[in-house]
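Chemist: Could you build all of it, start to finish, from the sequences and the hints given here?
Quick note, the sequences are listed as chains L and Z, same order. FYI, in our numbering the residues of the first sequence are 190 to 388. FYI, in our numbering the residues of the second sequence are 1328 to 1803.
If you're looking for bench data, these hints aren't it; they were derived computationally from the structure. Warning: the hint list may mix true and false statements.
Under the rule of at most 25 angstroms between Cα atoms (straight-line distance), these lysine to aspartate or glutamate pairs were calculated in the DMTMM-like manner [said to hold, decoys possible]:
#, chain 1, residue 1, chain 2, residue 2
1, Z, Lys-1669, Z, Glu-1546
2, Z, Lys-1477, L, Glu-384
3, Z, Lys-1428, Z, Glu-1760
4, L, Lys-330, Z, Glu-1546
5, Z, Lys-1477, L, Asp-382
6, Z, Lys-1790, Z, Asp-1391
7, Z, Lys-1477, L, Glu-386
8, Z, Lys-1428, L, Asp-382
With beta-carbon atoms standing in for the labels, derived distance ranges [unchecked claim]:
#, chain 1, residue 1, chain 2, residue 2, range
9, Z, Ile-1395, L, Ala-296, 50 to 58 angstroms
10, L, Asn-358, Z, Leu-1348, 27 to 35 angstroms
11, L, Asn-358, Z, Leu-1773, 43 to 51 angstroms
12, Z, Leu-1517, L, Met-366, 44 to 52 angstroms
13, L, Leu-300, Z, Ser-1513, 13 to 21 angstroms
14, Z, Leu-1580, L, Ser-272, 23 to 31 angstroms
15, L, Phe-239, Z, Leu-1348, 31 to 39 angstroms
16, L, Leu-369, Z, Gly-1397, 15 to 23 angstroms
17, L, Phe-239, Z, Gly-1397, 15 to 23 angstroms
18, L, Phe-239, Z, Gln-1451, 24 to 32 angstroms
19, L, Gly-328, Z, Ile-1395, 33 to 41 angstroms
20, L, Ile-200, Z, Leu-1517, 33 to 41 angstroms
Predicted, not measured: the structure shown is a model, and the values here were computed from it. For glycine and all other residues, C-beta sits at the position ideal for the given N, C-alpha and C.
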Amino acid sequence: MSNLILTTAVILGLIAGHINLIRRKWLLNVFGLAIQYLCIFIIFPKTESFIPAIIKLIVGLMATLIIYLTILGTGAVKHERISLKLSAGEVFRGLSGLFLVLLILIATPWLQSEVFPQSSRPALILSMGLMLLGLLQLGSKAEPFYIIIGLLTFLSGFELLYSSLEFSNLLEALFAMVNLLLSIAGAYFIVKDLETEAS
Amino acid sequence: MMNTVIVWIVIPIAISLLLMLIQRFVKISTTIVLISSGFLAALAFLMPEDLIIRLGARHFIFADVFPIFGRVISITKANLTLVAGLYLAVFIWNTAARSLKTSQWFNALSMLIAAMWVLALAVQPFLYAAVIILLIAILSIPLLSPRGSKAGPGVVRYITFQTIAMPMVLLSAWMLSDIETAPSASALILRAAILVLLSFAIWFALIPVHTWLPMVAQESHPWTVSFLLVLMQSSLTIFFVYFLEEYAWLRNLSELWTILRWAGMVMIVSSSVLLSFQNRMRRVLAYIYLWEMGYALLSIGLAQQGGLHYLQINFLPRLLGMAGFSYSLSMLEQSEPDFDGKIRSLTGFYHSYPTLSIVLVMSLLSFAGLPILASFPAKHYIMNLLPWSGYAMETWLSIGFAGLLIIIFRIIQQLISPLPNNAPVISLKTSRETARVFVFSSIILLLMLIAGLFPGLFSELFKGILAPFERIFILS
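Modeler: Now the structure itself:
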């Protein structure tokens, strides 16, 4: 049962990362980000208490909420229908992401035995997957909003990996600050760009 | 009992939060930041060795360790010279920030960013500084990309690079804990060394991961960019020396010092080549940063020959050069709405803005290391070390020097050229510079000359920068 939950969380997290990489729909991206944080919470290495995992979830959801409320407050959301048709760019990003995930699945046993023996396999797959999908997003998109989503994805993957290696309260506090400030920066970019377009 | 961490980190952060609330009141905000940064810099310079200030019968004892979340933040007397230098930069840049129409957040964020750099240098284990450096990059966003303009790709790329660098340092930190228990683990050493050097390459903006730097310089206000670059360069070079000081396995890596020297040389030569072809003034600032970073790396590479003294001698000259160049450029941009930032648009500016033009050229000449100017003693010092290196680096250094001279002569030629409409020089408008511009420029020029003529004066002031390092000079 536990394995099933972990596997589901890994698959869901990677799908959410994939959606963020492929689609350019703000609401969908924000929703994908929230799902990622939820999956990280499930996979998060069990330390002495649940508190670090809960803090990570709360910080992640707060970061998501900051972006969502900014979009809502500025009226930037347009009622666009979510089309199932994919553009050439979306297909390219989707296939690239899929290739990376496959690469991780192949490389994980070696990575686990040679480099990160402390990390569990689900944590390693999800963290590496999110990091690489985030990096791909950073390389394939130029708009500040999507870059921020990419950065948050990359960081969430890295935080999951690092928490399986070493735990420090101070570092967790710093990570929380980075995540919140990044989401505020994302909100700042959204507001700034809308103001510039309006003027 | 007071604490150095509270004085140089907590109080400045509190002040910056206060300044955020009163940012609209320009005079009050500027006065507070000037007084507080001046006081913090002076206190850091004057703090006695035993961290006890005696005022009459009263003794103020300062503790130098502050525990937090099971770790410690520590500012000892050895760190205080650099701390003083950082707050001195805050003081200098805030004197002109508002008159140069920088972001309204400048007063508050400059203080906060300086405090964060101090925190980055004081946190133990010091590898956690990687996350703080990322925080600093995020905090710089409102300064680099103020409201009213669309977010440029340079700022976004800057944040992206900083985010990618951070995990590499933290992962190397985790690997290092294994190296300490198994020092002969060569595979681990190699991995950790690669991660550390890669992350520093990104932080230092070494070519080819420098692309964000000219973009940011082009998009953002020169005064703001120069402030952030001065703090970044001063802190990161010292942070790198900390690495070498702390980890014997790193400094004992064969060829590390040679790699550092050549990395520095590549930076000097390539930045000077890029400079010589440059057409935009703002980008010159970015390439000057790379040129200076090249010299800093070269000096670290020559550490065993005493090269680190360059960092101490060049601290104030670099600060003055950056301030002089960015001030004159910002003022020219502000005073001449038609100036599009291209070098060819500087035509005839000397006749209207003589003081600013002189400061602009003198700052660049100072960076080049011309005699009697501020950077000359530092550049001369490094050049004197080179013949002993035995790598024929002098030739490359000369090429690097030539590139910088080309851009300087191009700028001088444009500045003194008559206007395109063939108007005679005597009929041009007389100087349009205000008294404030004249005074600020004169002070910078005067300090540059004093630093060049009496190098001992300022290098003595900053000799404490190297105080925390003792082991780096010895190969074990």
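Chemist: Checking against the hints above, which ones are violated?
Modeler: 9, 12, 14
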